[in-house]
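Trainee: With the hints as constraints, model all of the structure from the sequences given.
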Amino acid sequence: DTEVTQTPKHLVMGMTNKKSLKCEQHMGHRAMYWYKQKAKKPPELMFVYSYEKLSINESVPSRFSPECPNSSLLNLHLHALQPEDSALYLCASSQAGQGLRRQYFGPGTRLLVL
Amino acid sequence: DQQVKQNSPSLSVQEGRISILNCDYTNSMFDYFLWYKKYPAEGPTFLISISSIKDKNEDGRFTVFLNKSAKHLSLHIVPSQPGDSAVYFCAARKMASGGGADGLTFGKGTHLIIQP
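From first to last, the protein sequence lines are chains A and B. Going by my numbering, the first residue of the first sequence is number 607, and it counts up by one from there. Going by my numbering, the first residue of the second sequence is number -1, and it counts up by one from there.
Note that these hints are calculated values from the structure, not bench results.
Using 20 Å as the maximum straight-line C-alpha spacing, the simulated EDC-like pairs for lysine to aspartate or glutamate come out as follows:
#  : chain 1 : residue 1 : chain 2 : residue 2
1  : A       : LYS646    : B       : GLU40
2  : A       : LYS647    : B       : ASP(-1)
3  : B       : LYS3      : B       : ASP29
4  : A       : LYS646    : B       : ASP22
5  : A       : LYS646    : B       : ASP(-1)
6  : B       : LYS106    : A       : GLU690
7  : A       : LYS628    : B       : GLU40
8  : B       : LYS106    : B       : ASP22
9  : A       : LYS615    : B       : GLU40
10 : B       : LYS92     : A       : GLU650
11 : B       : LYS3      : A       : GLU650
12 : A       : LYS644    : B       : ASP(-1)
13 : A       : LYS647    : B       : ASP22
14 : B       : LYS106    : A       : GLU664
15 : B       : LYS106    : A       : GLU650
Mentor: Here it is, written out as structure tokens:
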């Protein structure tokens, strides 16, 4: 199984809503990632978890709150988002440790903030 | 400032010919370079990678060349097939510190169109 699943596929939310994006993998990977991709732009790294601990936060606003409850799951909690946060949110996973670790991507959650 | 650049937004190639996608980078700390392919409504799919200490890596129809002095890499696909039509992202990874995981820095992508 080399699949990373993400739910929901699409999400529309208002600026006062609280929602969560979910990501799951069963490849035994101990590194998980959140990327944000806006239209016609490349994916941009948001967060990296390594062995269930947050190792990289690319200066992401606090209205995005990541959580890694176990080695298979990664959540992204959203609160008080802005319309400019509308984007495709991609989750990825890889083995952790030294050397190149290929990242496997999920299909993404397309988020629209009204 | 973009550290990974793909200056061709699109490229059209005839089926059976060679497709060459180019990528330039500015950060000397990158130790691995990767190419990903993306279809609409799907996440990026890994294609091929190359370490910064190599100058060529080949996998079937795909070959990646790295010119470290020019900070340039290219992906060659030969022969090109209709199923190769997709957006191709060049990505780079900085040397990992302390054995932890590092994210990737992506270029803007090149839309490859294979014409029959």
